[in-house]
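Take the sequences, apply the hints, and build the full model.
Numbering (our numbering), first residue to last: 1 to 597.
The hints are simulated quantities; they were obtained by calculation from the structure and are not laboratory data. Among these hints, one or two may not hold up.
BS3-like mimics (lysine-lysine), calculated; alpha carbons at most 27 Å apart, straight line [said to hold, decoys possible]:
#, residue 1, residue 2
1, Lys6, Lys259
2, Lys137, Lys6
3, Lys504, Lys547
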Amino acid sequence: MKAPHKYLLKISLIMILPVLLSEYLFRTDIASVVTWLINNPFIFILNLTVLVGLTLFFVFLFRRLDVSVWFILMFSIILGVVNANKFSLRSVPFMLNDFFLFRELWVLMPEILTPSWILLTIAAFPVCIGMFLLIRKWIGAVPFRDIKKHVIISFAFCLGLIMVGQSIYAESHSPWELGFIYSLPRAIGNHQEKHPVGWEEIEQEVFPEGELPQEKTHRKTVKEADPNVIIIMSESFWDINALNVNFSENPIGYFDSLKQESIHGELYVPVFGGGTANTEFEVLTGLTMKNYPNDWHMVFREEIDYRLPSLASIFQEAGYKTHALHPYHSWYYERKEVYPRLGFKESVFMEDMEGADTLGPFISDEYVTDQLIKLLESTTEPVFNFTVTMQNHGPYNEARNPSVIDFNTNLEESQETMLKVYAEGLYYSDQALKKLVEYLRDSDEPTVLVFFGDHLPMLGENYGIYRDLGFLGEETPEELQDDLRLYTVPYIIWSNYEQREIEKPLMNASYLTPVILDTIGKEKPLYLEAVSRIHERAPVILNSYLKDSKGRRFDWDTDAYQEVLSLYRSIRDQLVYEGKYHRGLPQSNRDINRSRQ
Numbered sequence: 001m002k003a004p005h006k007y008l009l010k011i012s013l014i015m016i017l018p019v020l021l022s023e024y025l026f027r028t029d030i031a032s033v034v035t036w037l038i039n040n041p042f043i044f045i046l047n048l049t050v051l052v053g054l055t056l057f058f059v060f061l062f063r064r065l066d067v068s069v070w071f072i073l074m075f076s077i078i079l080g081v082v083n084a085n086k087f088s089l090r091s092v093p094f095m096l097n098d099f100f101l102f103r104e105l106w107v108l109m110p111e112i113l114t115p116s117w118i119l120l121t122i123a124a125f126p127v128c129i130g131m132f133l134l135i136r137k138w139i140g141a142v143p144f145r146d147i148k149k150h151v152i153i154s155f156a157f158c159l160g161l162i163m164v165g166q167s168i169y170a171e172s173h174s175p176w177e178l179g180f181i182y183s184l185p186r187a188i189g190n191h192q193e194k195h196p197v198g199w200e201e202i203e204q205e206v207f208p209e210g211e212l213p214q215e216k217t218h219r220k221t222v223k224e225a226d227p228n229v230i231i232i233m234s235e236s237f238w239d240i241n242a243l244n245v246n247f248s249e250n251p252i253g254y255f256d257s258l259k260q261e262s263i264h265g266e267l268y269v270p271v272f273g274g275g276t277a278n279t280e281f282e283v284l285t286g287l288t289m290k291n292y293p294n295d296w297h298m299v300f301r302e303e304i305d306y307r308l309p310s311l312a313s314i315f316q317e318a319g320y321k322t323h324a325l326h327p328y329h330s331w332y333y334e335r336k337e338v339y340p341r342l343g344f345k346e347s348v349f350m351e352d353m354e355g356a357d358t359l360g361p362f363i364s365d366e367y368v369t370d371q372l373i374k375l376l377e378s379t380t381e382p383v384f385n386f387t388v389t390m391q392n393h394g395p396y397n398e399a400r401n402p403s404v405i406d407f408n409t410n411l412e413e414s415q416e417t418m419l420k421v422y423a424e425g426l427y428y429s430d431q432a433l434k435k436l437v438e439y440l441r442d443s444d445e446p447t448v449l450v451f452f453g454d455h456l457p458m459l460g461e462n463y464g465i466y467r468d469l470g471f472l473g474e475e476t477p478e479e480l481q482d483d484l485r486l487y488t489v490p491y492i493i494w495s496n497y498e499q500r501e502i503e504k505p506l507m508n509a510s511y512l513t514p515v516i517l518d519t520i521g522k523e524k525p526l527y528l529e530a531v532s533r534i535h536e537r538a539p540v541i542l543n544s545y546l547k548d549s550k551g552r553r554f555d556w557d558t559d560a561y562q563e564v565l566s567l568y569r570s571i572r573d574q575l576v577y578e579g580k581y582h583r584g585l586p587q588s589n590r591d592i593n594r595s596r597q
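Okay, here's the thing in C-alpha cells:
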C-alpha cells in the first residue's frame, strides 16, 4: 500500500484540472486565468480545497476513493461548462439555487434543446468512462480502512482552511475575484438578518431638516381622482433601433410615437437576458437589488416569505382592486405565493387562460390586451393592474411569427433568424400596445398606463449579435457587467386625461415606484419618500459606481457610494423586519407626524 498522503496529493493534482478549466471557460482567455492565479494564489488554493474536501466527504460516505475522485471531477467539469454557457448567454454565473429550477428548465426545454446539444451529450458518455478507467488505473483500488483516519484528518483540515477563507473574504461574493468553484457556496445565505435601525434614524438621515413631507391637500379634479393604473412589463422590450439596422418598419414605432404625449425616459434594470422577477421586484417595491449579494439573487424565491409593502398594497389600501396578470405558469418564480404577500388580491396565470391565443410557443400580447380590457370593463372600482407578458421570450432560434419585417445585414443565417424573430416579436408587442391605448383614448375611465421592458434579450452566445453589429466591441464579460448599454430599457408613463411630453434622465428601475405615485398624485409612504430622496442624491446606482444629480461618478469604495447604499439597505432591513414580525408599517407621513406630537 502506498503512503496515504500520496493519495491526497494525487487527489489535489487531479482537482487542479477542473479548477483551471472552469476559470478558463468563465474568463474566456488564458491570460486572464494566469493574472487571476498570480494575484490570488490563496483564493486558488481555496477553490482547490473545496473540491478536495468534497472528494474526501464522498470517500467517507461511499468507501470508494476512485469512484469519489471520478464523480467530483466529472461533476465539477460539468458545472464549469454549464456556468460558462449560462454566463455567455445572460452574464449571470451558475448558482447553487439553479439546482432547484428543474421545473423552470423543463418547461423551456423544447426551446433550449438543439441537435448539437444532443450530440454533445451522447459524445460525453465515452469520455466519462475513459476518465474513470484512467483514474482507477492511476490511483488503484484502495481499501477504505487503510486511509480512513487520514481521510477524516484531511477533511477537517479542508474545512478549517475554508473557514479561514470565509473570514478573510467575508465581504466578497464576486466569482471574478473568488473563482467560480469557491464563489458557489457563498452565493447563498451571505446576508444576515438583524434588527435594523428605526424609522427615526432613517428620517434623520433622509430629512436632515427635521420636517417630513406633508400630506397633499390640493383638491383633485374628476379626472385626477383615483385613475386606473395599468403597468405592463413587456418581455424583453428594448429599443432595437440602437443596433443601427435598417428595418423595413420600425418594430416599436407606436411606442416611439407615444413619447410625444408621455413622461418617458430610460430605466437601468438589474438583469440582462433573464431574471425578469428582479426587475419586477424593483418596480413593485421601490427597493433595489443592490441591497442583495448580487443582481441575479433570486429575491422572489429566497426573500419574500413575508408581507412586503409594494405598489399593490399601497393601492389596495387606497380602495383599488389590485390585480396581477401573467400568461405563464403560476409557480414560475413562485409568483402565486409572492403576489399575495405584495398586496395583490387577485392573480391570473396561464392556468386560468384555457384556449388563449398564442404567438409562437407563448400566449400573445394581443390576448393579454383583451384580458386587460375585460378587466377594466368588468369592475366599477378603480383598478391597479401589474402585467408581465411572455410573447417575446427567448430563445429566438426558430421562426415563430408571421413575417412583417425585413432587413439586410452581414450576419450569419442563424443570427438573422434570431434577430428577425426578436424584431417581429417587438412589432406584435407594439401593436398590442396600440390596441390598448386606442381603447383607453375612447374610455371615460381616467387611466394611467406605464409600459417598459424587463431586460434586454439574449441574442447569441457571448453577445454575438450585439458584437457583430457593432453595438458592442471586444469588451470582456467582466467589463460588460456594469455596461449601461446592456442594462437600459425605455419606458413611458401615459394617461388618457393629460397628454404632455416630459423626458426624464436615466434612473434605476426602483425609482419608478415613487415616480408613478407622484405622477398620479398619490401620497407616498415614508419609505418611498426616503427612496425619492435617494433618487435625488443618486439617480443611477450600479454595482461598481453611482452617479449623483450633477453627473459626478463615485466608485463603490467611496464614502459617498457607501452612504447611499447603507441608507437604502436600512430601508430594506426595516421593511423586512416589520414584515417578518408583524409590526405596524407607517403608511402615511400624516400618521407619522401625528405620532410624534
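Hint check:
no., hint, in the structure
1, Lys6 to Lys259, "violated, 70 Å"
2, Lys137 to Lys6, "holds, 15 Å"
3, Lys504 to Lys547, "holds, 15 Å"
Comparing the model with each earlier hint shows a violation of hint 1 alone; every other hint is respected.
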